[in-house]
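Novice: Those protein sequence lines, which keep their order, are chains A and B. The opening residue of the first sequence carries number 1 in the working numbering; numbering runs sequentially from there. The opening residue of the second sequence carries number 382 in the working numbering; numbering runs sequentially from there.
In short, the hints are calculated from the structure, not lab data. Some clues are possibly wrong.
To be verified - Short, incomplete list of chain B residues facing chain A, as computed with Cβ under 8 Å:
#1 Leu408
#2 Asn466
#3 Pro488
Claimed, not checked - Just a few of them, taken from the derived set where beta-carbon distance is under 8 Å, the chain A residues facing chain B:
#4 Val3
#5 Val7
#6 Leu11
#7 Pro18
#8 Gly22
#9 Gly263
#10 Pro264
We treat Cβ as the ideally placed atom computed from N, Cα and C, and that holds for glycine.
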Amino acid sequence: MTVWVAVLVGLRLFILQPERCGDVGPAEVRTAAAAAVDWLIRNQQPDGQWLYRYDATGDRDLGGYNVARHAGVAFSLYGAAAAGIPAALKFADRGSEWLRRRLVPAGGGVAVDDHGVTVGIGGSALWALALGERRLHTADDLYDQELRGLGRFLVSQIEPNGAVAERWDPTADQPVFGAYSPFFTGEAYFALARLERLFPGEGWGAAADRIGHYLATERDDAEDWFPAVSDHWGAYGLAETAHWRELTEDELAHAETLGGIFGPQVRYASQRTESWFTHVTRGRQTLGAGLGTLGEGTTSLWLAARLDSRLGHLSADAAERSRCVAGLLVERQVDVAESFGYADPGRTAGAWFQFGVTQMDDQQHPLSALLRTLPILEEET
Amino acid sequence: MNLWLAALLLVAATNPPRRRAELPKGLAIVAAGAGLTLVVLVGLGVAGATALEKLDISAPTFRVAVGLVLLVRGVIDLFLSPFDNGEGLPGWRAVLAPVFFPVLFRPELALVAVAVGVDGGAGRLVFGATLAMMLVVGSVAWLRRFDRALDRMASVVLIVLAVDRLIDGVFAL
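In isolation and in its complexed conformation, chain B is listed as follows (with noise of 0.2 Å):
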């Protein structure tokens, strides 16, 4: 996996412009939410190809897995708009919820730090996870009001690289 095929995998499963609409409007606790979140997809990307060992699963069949879970992800975003989190924990507790959970670790993000830490490398998965984070920051920062248009766009890239990583997984040697 490429350094922008990586990028454009863990942008597309972060979805910035839909995250924007379920983030608080706070930017600092946004970026400490992101900044926790970029952590521990590192640490999961890190850690991902011992524990598909432990698990016995196949890098490829794991690139299925990732690209059957993001085809579902972008379907949704596609066709339905973003969901109501309900209410954070007050203050800077809305680090963690909802900033971190459950609006930016999402399972399908997780699966992708996974994948992109196995076929792709740490230094991969750093760069495009950090640009997927900054990029949530900067939706927040800079976008006025939610713009579906852009969480659509974000949508369909996602899945054509759902099923590209299908493709890739089933006929993986």
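Next comes chain A alone, as it looks inside the complex (with noise of 0.2 Å):
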């Protein structure tokens, strides 16, 4: 007897702890979305900028900014126009303006410049899927210059073997070599899939493929990534590639992996409470943006599941952990009543925190997770 409760209470306290996932619907999903795309609609100048970080317990504008995250809002809050949310439209070509004013000849093509010494491609990569993302729901071509810019400027940054280097040398107008991304080579691929959906036959997919086959063959040996990239980016071109053509075998088994890694990360973090034993035992609670990443990587797989009947036996289970991370970022975002009591209710409402601090990606990251919950949510009731 001595032995079944010490196994029981034993995995129980440390092992089987509960997963608090919630259970929300989709007009739960759907208001945290607007009331995200809220705060950045609150929290966003005249110029284009948003608040970039601000600590709340302090009620301080703790400063800084990011070009890529910038791009990474702008994608999300035109993912939010084309869920049903069309405020969000208005204040994402606000921050795509404030982009274009920083595009610079690159690799013939544009790049969006960061003003450092060497340029990172991730504000490039990811206003190209930002524009992508109008594109394809708006049927506008307002920007599609610029979009086939900043794709000409990605597929200057490939490197022979599909890596992506992560910067651009704006003196030597070519890439700098041997220096590598964990988010950009996925943010590239999928950018450049979604332009060969948009655009097909102006031989956008070959690039991506070459970026593809390498993420699914190589990236994280060939880069020493260790453990393997936690990349939702990878995973939405995955689910993009789906759209144009069938993922081949390598793909699949990619897709496979990185359910492996979604999916542990996404169980533990539905056992972190605010409690002091799970602090102890699972440590505290992840940053609204990396739980927002770890949804965007399970909808992804969903979706490539629905895409390809291949990788259908992942469909229920991506879902699970899909609806999981909704219901945690419902529960974790700070609600209309709980931002009166804080200094500013205008820059707490609708926002994640950690440690009494938010940053703009806390934003980008689960709205736009979401956002890609609804469809599954929806097609459940």
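Mind docking these for me? Both chains are given alone in their own frames, and the hints should help you get the complex.
Specialist: Spelled out as structure tokens, the structure:
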């Protein structure tokens, strides 16, 4: 009997902690997404920049800025507009205008300049994604020239094996070889795959395929990433590719691998509460951005599974993890009532905080994750 | 989980050669205890999915737990001889103790039954658990004495299966 008690109590306390995912439906998720959009609207400056980092406890703007995150927010807002939150479009466009003013000729196309000695490609890749999202859902060709220019720049950053150089050297107008980002590669992959979907026959798909093959077969080893990159952008890219062709065996295997990276993180994150016990045994609750990326990853796998039946066995689990992330995001978002407990409700309502601090991408990634979970929830109801 | 993995898990978690050393000699009593264990295991397996849902435990996390318990059990069985379970109840009540509890109905077997029920379904659970209990009865009927080599072999298989369950659970979507 002692053994039974020890095993069952020990497992419950240390291994089988409750996964508190909550139970949310489309209405709650849509409300949470709209609240995040409202935060991004309220906290955008007239020139298009957003409040970057804010300490709610001390009511302080912590300053700083990041071009890639700016473009990422624009991407999420265009996604919100596509999902039926129309106010998002105007403010995403304002963010895009801020980016357009930073364009410089690069690699036979254009890049978003971040005013560094060398320029990270994240801003360009994410703005291409943002404009691609806009183009896909509005059919408006307003930014087509910029979109294709960004695409040409991204293609110029691809190395022969499919790796994507993290930075561009404006002096030599060439990629900085040998330096790679865990996320820019997937962003470029997704952007070029989206371009193929938007403008078939222009050759974007071949470039996307080179990156996709590299991500599926070499990247983690070649770039020495350990543990393997939790690459939500790569998952987006796979789902996007599945829109215009069947996935290869390597890509199918890569989708499985990504599932094995996202899944345990979601389960672990769902076991974390604000209690001292889970702080000790599971650590603190993750950033809104971190949790959001997991939802982006699982929803992308769900979409890929819908588009390619050979991934059909992932569909139910991807849906379950996506629902879980959405439930956690809804629960952890500061709602309007809670925001009145802070010095500046306008900077807190609709946001996700860790240690009292939020950053613009803490809204970007959760917003995208929530929006992409909506079809899953709507299909079930 | 396919049929053979389910059966192998249930048989290895039962470890019939080791149980042979712990069970009384009466074949009818052992058979009755095995039958009772089978019924309880199937009941657990069938109710497992609902229980996990009520406890907010996902199937992959449960697989991790099962893997860990099986790993510990396998290592203990590999290096230690069977324990003396003490005096059982007299007569037919021995079906309950020691045959059903504590010898056959053990935490690792109960957890495996739930895992097989959740991941493999009731049919595979019934097949695997029936096979395991038949082997228990067979080991009492045909093994003339406790065979430590067979016990160790089953323990090694259990360790391999434990690692498989752990990996499958940790890296599941």
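Novice: If a hint holds in the structure, say so; if it does not, say that too.
Specialist: Outcome of the hint check:
Here the hint on Leu408 (chain B) is broken, as its CB sits about 27 Å from the closest CB of chain A, past 8 Å. With a cut of 8 Å, the hint placing Asn466 (chain B) at the interface with chain A is violated, because the nearest CB-to-CB distance is about 11 Å. Taking 8 Å as the C-beta cut-off, the interface hint given for Pro488 (chain B) holds, the closest approach to chain A being about 4 Å. Look at Val3 (chain A): its Cβ gets to within about 6 Å of chain B, closer than 8 Å, so that hint holds up.
Because the beta carbon of Val7 (chain A) sits about 4 Å from the nearest beta carbon in chain B, less than 8 Å, this interface hint is met. Using the Cβ-Cβ criterion of 8 Å, the hint placing Leu11 (chain A) at the interface with chain B is satisfied: the shortest such distance is roughly 5 Å. The beta carbon of Pro18 (chain A) comes within 4 Å of a beta carbon in chain B, closer than 8 Å, and the hint placing it at the interface holds. The restraint placing Gly22 (chain A) at the interface with chain B is violated, with a minimum CB-CB distance near 10 Å, outside the 8 Å limit.
At about 4 Å, the closest approach between the beta carbon of Gly263 (chain A) and any beta carbon in chain B falls short of 8 Å, and the interface hint on this residue holds. Checking Pro264 (chain A) against chain B: minimum C-beta separation of about 6 Å stays under 8 Å; hint holds.
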